[in-house]
Every structure is written in C-alpha cells, then in structure tokens.
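Model the placement of chain B on the given structure of chain A, informed by the hints.
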Amino acid sequence: MDWLAAILTQILHLALVLAAAPLVVGGIRWLKARMQGRIGASPLQPLRDFLKLLRKRPLLAENASWISQAAPHAGATLALAALVLVPSFARGMALAPLADLVVIAGLLAAGRVALALAGMDVGTAFGGLGASREMSFAALAEPALLLVALVLAMLAGSTGLETVGALFQEGSLGLRVSLGLALVALLAVAVAENARIPVDNPATHLELTMVHEAMILEASGRHLALWEAASALRLTLWLALVAAIFFPFGTAPAGFALLGWVVGVAAWVAKMALLCLALAAFESAIAKMRVFRVPEFLGAALLLGLLAALLLFLSTRLA
Amino acid sequence: MAQRLGAPFCRRGRAPKLAAGDPLSPPAVLTALILILAGLALLAVVAVPLARFAWAGLVVHGFCLFAAAVLAGVGLAVLLAGALPVQALPLGVPALVAVDALSAWFLLLLGLAAACSALFGLAHPLAAPRLLAAYPLFLAGMALALVAADGFTLLLGFEAMSLASWVLVAADHAQAENRHAARRYLAFALLGGVCLVPAVGLLGGVAGDLSFAAIRVAPPQGWVAAAVLALVVVGAGAKAGLVPLHNWLPLAHAAAPSHVSALMSGAMTKVAVYVLARLLLDLSGPAQPLWWGVPLLVLGAASAVLGALRANLEEDGKTLLACSTIENIGLICLGLGLAACFRAADLGVLAGLAAGAALLHALNHAMFKSLLFLGMGEVAHGAASRRLDRLGGLIHAMPWTAGAVLVGAAAAASLPPLSGFASEWLLLQALLAAWRVGDLAFQVLGVAVVAAAALAAALAAAAMVRLFGLVFLGRPRTPRAAGAVDGPMPARLALLLPAALTILFGLLPGTLLGLAEGAVQVLVPHGMVERSGLAMVRVGDGGARYWPLALTLLLAVVGGAIWWLVRRRAPAGVARGPAWDGGFMAPPQHLPFGDPVTQPSAAGFGQPLRRMLGGSLLAAHESVEMARPGDPGAARVTSGFTDPSEARLLAPLARLRDALAARAEQLRDLPLTATLMLPFGTLVALLALAAWLEAG
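Those protein sequences? They're chains A and B, same order as listed. Heads up: the first sequence is residues 1 to 319, going by full-length UniProt numbering. Heads up: the second sequence is residues 1 to 696, going by full-length UniProt numbering.
No wet-lab data here; the hints were simulated from the structure. Among the hints, erroneous ones may be present.
[Said to hold, decoys possible] Short, incomplete list of chain A residues facing chain B, as computed with Cβ under 8 Å:
(1) Pro58
(2) Val102
(3) Leu129
(4) Ala138
(5) Leu147
(6) Ala153
(7) Ala270
Note that the Cβ used here is the ideal one computed from N, Cα and C, for glycine as well.
Next comes chain A alone, as it looks inside the complex (with noise of 0.2 Å):
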C-alpha cells in the first residue's frame, strides 16, 4: 500500500504544480499591477496566452538549426523534471529519493544551457549578450546555493530534500541564525535564478536592460509557449524550494492521510500564496540594478553562505 500511496502523492503533486504554475506568475503581475495602483490583467492571463502561443505557427530564422526546436523542449522538460522532485504537500512521494539538492541544481543548470544556447543559435547580437550574462550570473549563483546546501547537509547530514524537510518539520533545530542568513542567501539566488527585479526585469521592453527575454526575442510560436511555460514552473520550483526547506510546516507525512493531505495542500497554498505576495512587494519596492552591480549583490549572498556556514562550524564547537 505503501507505494500506491507514494504513487498517488507524486501524481497530486504534479496536478497541484501544474495547476500552480501559471496562477504562480499570473498572481505576482497582478499583485504588482494592485500595488502599484493598477488594476492588472487576471492571474489566469498566463494561462490563457500559453493556450495561445501553442496554437500558433513559430517562425524560426532561415539559419536556424535543430537546437532552436530541440532547445525549448528540453528547457520546459528539465524544468518539469526538477519541480516534480521538490515536495508540496505531502512527504514520501514515489520520486522523493532523487530529491537531491545538488542533483535539482544540476538540472536547473541544464536548463540554462539549453536556454543560452537556443539564444545564441541564430547569431543576432541580443541573443549572445543575453547568454553571456545569464552564464556569468550564475557563476555567482552557483556557489551561494552549494553553500547554502552545505549549511543543510551539516545540519540534516544529507543533501536530499525529503531527509532536510523532515529534520526542520520535526523543530528540534529551533531557530538558528545560519539558517536565517542560509535564507537570505537562497532568496538572493533565487531573485536572480529566475531573472526578477533587481537582477533582470521580467517586463522590460529595452534590450540592452535584458538577460532571459533576450535569449528569446527569436522564439514564437509553439516554441515561446514552452520557454514561457519553463520560466514559470522554475519561478515555482524556487518558491517551492523555499518553502519545503525553511517553512516545512503542515507538509502531510509519508503514506495514505486523506486529512492530512488537505491541510497541506492548504498550507502550502498559503506558504505558496505568501511568498508571491513579499515577491510582488519586493518587487514593487527596488529597482533594477546596473548589470555589473549584480555580481555585488550575488557576492553578498556568497558571504552571508559562507558566514552561516562559519556560524554553524562556530556553534557546533560551543554547544
């Protein structure tokens, strides 16, 4: 039974993401269009635009290879691929044992490869700009977030998210200012992972100013429609990410709960809900930063990694 349940949690799972991953991008433009006193297109408008790109015919350039065809696919599959492995609501999904963290960061970097490449396939200038600076942001990225896994393995002595989830749910840690700092850090990685404001602006219309939409100035069509639909459900994944290790509260355990699994979905609706809200209010209250300010603010996250990191050494030694 054991496994039917775990069967059955993975495919709640998959339909909860799915159904969360436009609402998810949808319900932060609508957010900032309210704080920003407009009234704002509906949270399904995402929804409604992927239906339409997806009936539409891409227009590719003529010296476009396979990798402009192949390339959005694979973008929208590593995506999907690394959303379904990050616990929602529940525990002890079929797949939970590949919930690794550095695997996840793995196929988010494929991902970005895929992505830079297809921005790079035609040879117009934007493309290759943007590639390159997605490239060397993440750079940065990289080693903040295996920081922050560091401060997670020590604590749960794994990397693998459902072993990290059940030590927080359980609260014996208590409150830890590493973790705190571990927070700040994979917010700031996530901020720039999914080219929001301060790192990338998600609505800008100036290509000089952009990084992901730059890579797909060229896609339309069928194509867009899975670019679009792999930024959200990467947007997803992190606020998930965030939620299933630092706010692991409500997540139904292991096994057949029928209640259990509708608190958790309830409490993850509201984590979920809550993380888009201070994402839109974050937003609403920066600017963009110059291009070569970014490095500033991903070092920032690198120190306060490697700072919880040292806290922790610190601790362990008094305690």
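Just chain B, lined up with the frame of chain A:
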C-alpha cells in the same frame, strides 16, 4: 561511521586466485603487456625508415590503435580479475613491472583515450619521420610509467613520455609560437624530472631499494616526508598542470597536432595524477598527518577556479580546452587531497568516497576532453581555423562533429545525466562532508573549497556554452567556415566512441565505482568503498543518493509527455523568415552570411566574467578609445589579461636566470689559481658531503 571501518566487504566476481588454464591468467596478460610495450618501442625505431612510404602513418596509427585496445583490455581484465604479480623486465637493468588495481584503472583510461586518438590519427595521420617515431614512444612511455613497480622504471617511463611528447609539441616548428611553446614545455618537463628524481631517491631511503614493495615497508617520515611531498607536488604537479605550474599547458596543447593534444590532455596529465596518487597516497603510507593532503586540496581548488575562468577569456578553441583541462585536473587533485585528509582523520568511508570521485572524474575527463580536442581538431581541419572569431554556424556544415561535441561540452559543463555530473556530484558530496574532520581551520578551508569547486563548475558551464555557441551556432564568420565538411569515417568514429562512452559512464557511475574499488583500496587501505549498485551511488547510510538511470528515465518520460502534448495541440512544422538582427543594415555583397561584427564575438561573450572576476584573478584590463566628437572614425576596444603565474613566477625566475648567468659569466675572467681552486673546492665539498651522509 567508525564501526563500519572494519566491516567485512565481499567483492562480487573477484576471485582471489585464477585457475591455471584461464586465458586471462597473470603470465599471459603480463606477457601480452610486455610484448605490446616492446612492439611500440620497435615501431618507434622502424617508423623512421618507413616514413618514406605514404602508408607509414596508417601503419603507425593502426598499430597504436591495436596497442591501445590491448592496454584497455589488460586494465579491464585486471580490474575484474585481480592484480598481476611483480615481474622483471628483460632489459638488463633491474626494472620491475606489475599491474595492481590502481595501475589497471589508469591503463584502462589510457587505452580508451589512446584508441580515440589513434582512430583520429588514421583519418589525419602525422607525416614527418620524427613524429611517427615519437607517437608510439609517447604511448609506450605512458604505459610503462603506469605499470612500473619500482622508482627507476617509473621515472624511465615518465621521462620517455615527456621527451616524446616534446617532439610532438614541436611538430609544426616552422612557426615561432610553436617553438616557444615547445621550449617552455621542455623547461617544465625538466623541472618535473629534476624534482621527481630526488623524490624517488628520498623514498628509496638509505638502503636504496627503489621497488615499491620496499618503499611501502619503510614509508618516509619527518622532514623526508615533507621534502617528498614538496618535490612530488612540484614535479608531478608541473606535468599535470597544477597552478602555479600550469603555464605550459595552454601553449603546448594548442601547438601539438589535435589528436596528440587529445592524448596529452586526456591521458598524459592523468599519468601525472597517477604519479601523484601513487607516490603520495600509496607509497608514502597511510600514517601521514592531516596537513599531508592540504597542498593538493588548495592547489587543486586554485587550479579549478583559475583554469575555468581563463577558459572563459581565451579566444583559441584548443587553448580554451586546455584551460578547461587545468580546471578538471584541479578537481581531480582536490579529490585526492581530500581523500588524504579524510584518511588521516580516520574517516574511511569519506576517504573512499573522495578517492573514488577523483578516479571516476579522471576517467570521465579523459573521455570527454579527448572528444572535445578531437572535435576541435576536426573543426580545424574542416574550417581551417581554431579561433572562435573565425568560425560559426558549423552545426549546419558539420552535423556529426557538432552532435558529438555537444555531448562532450555538456559533460564538461557537468550537466546531468552525463558523466561529468556524476563524478562532480560525488566530489561535491565528499566536499560537503569535509567539516567532519574536527579541526576548525580545516573546516573553514573546506567551506572555501566548496565555494571554489561550485564556482569552477559554473564557470566551466559558461566556457562550454561559449565554445559551442561561437563555433557551431550562429552564422559563419568566414567563407571557409561556411564550406567546412565532416571528416572521414575513422574521424567520425573517433568522435562517436568517446561520446557514447561519455553517455554510458554518466548512466553507470555505480558500476564504474565498483570497478574502481580495488584502485580505491590501494589509495585508502583502511577505507571502505560505499557499496554502490547499478542504479545508484550513495554517500553513506542515510546520506545523499544519485540515481542516474531513474533520473534519465524521468527526463525521458517528462520530455516525451511534453512533446506528445505539444504535438497534439500545436500545428506541425515551422515557418522560416529572416532574423531581426538588432536593426543593423543589410550586409554588403561579399558577406553572404551577414556581417560577422554583428554577431557575438569571443571577447564580447567573455566580457561580463572578465569584468566580474577577471580583474582580481587574472589582471584583466579593458580600454575604449573613442574618436573625438565630430570625427566619424571607429572606436576601438582593447582587452586582455595576464596569467598570474606569468608575472609572479616566470618573470622573477627569468630575472633570476639572467642574474645567475651574468654571475657565471664572471668566472671567465678568473685568474689561473682561482680556476684551479674552484674544481678542487667542489671536490672537497662533495667528499665532505658523502662522508657526512655515510656517517649519518
């Protein structure tokens, strides 16, 4: 973890004794090995008179392919069936050979890399007699260094490898830069020899028995151990390309013919790693202190970051790949250093994990870097340039090469589920556990090394995107790049073989770790290899796991589902139209593929990283010269960097050499008595030294 140390460990399929009639029985395998070594040496001799004939290249590379297959076969057989005993070489001098699991692992690696290189050589053979003689000698030298069972044979093989590869680096000596590269290569090879000979002498001790068995009985202690560590790290590190002795590597790899660069990067640097592992971890014994591994750890991390960053700034394809080799050698040495530290701290499982990760990464890197160098060689043959700014759009002209290089680049960028990710995952997991060594200073070092390793991995991904994107994607930047074609069938096979192995090794890291178990036991005698199955590798009980097969299956299922859904909902096919090229005007008639200036350039793609990290690490600089207002002349951007080893190490050394030479020149003007006193004084000093050593 401590009680696991003594846990019994049964080995599957590893019979302790072989039956007498077994075709793989030790004498037969060892005889085959010695015959192959002799055959390669003989081939080197007869290659010179044979070189008059057009088919000489085919014969030499064909035999090298056969020899490589035998070497790989011997390695695999020993890994599966157990070590071969020590045997004396019929040379007239006391030279011993033996194949234990560590040698066998590197023999397998050498055989596979050499097979790819020789296959490529069949398609684009070397021509000059000296090159045809040097190529088999290079292979034989590497194999001899790997199977040596005493210090003398090890040095013999190592130096034969160095000299033969020097001839190959100087292949195209008509060009001044290649002569420069070969000269610097020779200088570093000499440095390696100068350090390794006394190191082996110190290991041999007063008794002077250089056989590995004798050294293992009496490992070095005290200041001798420290001297051995310093000499071996400098000597073998110079050959492997560890910072700060990496300077020759980008020059030499760019100068050598492509399949020789592939062999140098894939196998020769690994032979140096083998020497590091053999002398420092195996022969120096397990009783060394914690700091024993720290030099390798620190230098490895520094090499990883510096190599990966330089790979993002280089504008020549092969130089870029050579810098990526520095990065990967850094990661491998980091793993070895970590294994030594864990071993000193009695953390057997973790030591086994780190050593296994280093060995696995050595094998994986040998495959994907051979693939990348051969792919770049194919590009250089097809498009007549290696400069990123003269290529572009080759994915249309050379689809086979592009596909294979994409696999190699993705593995070098450590993307799952390819081989580079599997070994770097293991390495990162070992690093993430570095804090278990109780020492606070080591813990802090561990955190810094984790950040450095992650930075190196991400920088390598950026460098690989830059390489693949500029060479194979976009529009051709020169007419020659537009007219390139894929190489002949052997060259394609030489790319497809390592590409297939890269995918396979990525899917089966657990099986490979099981195969490497004996080699890990040599490096970490009391350690325990974590039992890893076909489907999974794991860190320890309750630790992290990596399931490559399941992950690949998940990706296939998700990808297939997305593809099917999109196909059902979306209209089939695509429309084609011109790309919007940022508003640039239509290119002139003589540029049918558009103005290359409107495409991203090699320097432009590296600009963000040059500004973010290059300034502090590589003294990178940029300057813009604008025409005065009103002047329609073009603005010029100049940028560049200098490797810190150039300014901090080589320039002072060159000054020292000049000063010494000037001082030595003064000897010419000495009076007769002083001229006589000088050799006499030297003689007395040497006698005194000998007397003191005898007494001690």
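Hint validity - Val102 of chain A Cβ closer than 8 Å to any chain B Cβ: holds (6 Å)
Evaluation of the interface hint that places Ala270 of chain A against chain B, nearest CB under 8 Å: With a minimum Cβ separation of about 28 Å from chain B (threshold 8 Å), the hint on Ala270 of chain A is violated.
Chain B contact restraint for Leu147 of chain A - C-beta distance below 8 Å: holds (6 Å)
Closest C-beta approach of Pro58 of chain A to chain B relative to 8 Å, hint status: holds (5 Å)
Cut-off 8 Å, beta-carbon criterion: hint that Ala138 of chain A touches chain B: holds (5 Å)
Proposed interface contact between Ala153 of chain A and chain B, which counts if any beta carbon pair is under 8 Å: OK, holds: Ala153 of chain A within 8 Å of chain B, min 5 Å.
Interface restraint verdict for Leu129 of chain A against chain B (beta-carbon cut-off 8 Å): holds (7 Å)
Hint check: a violation occurs at hint 7 only; the rest are consistent with the structure.
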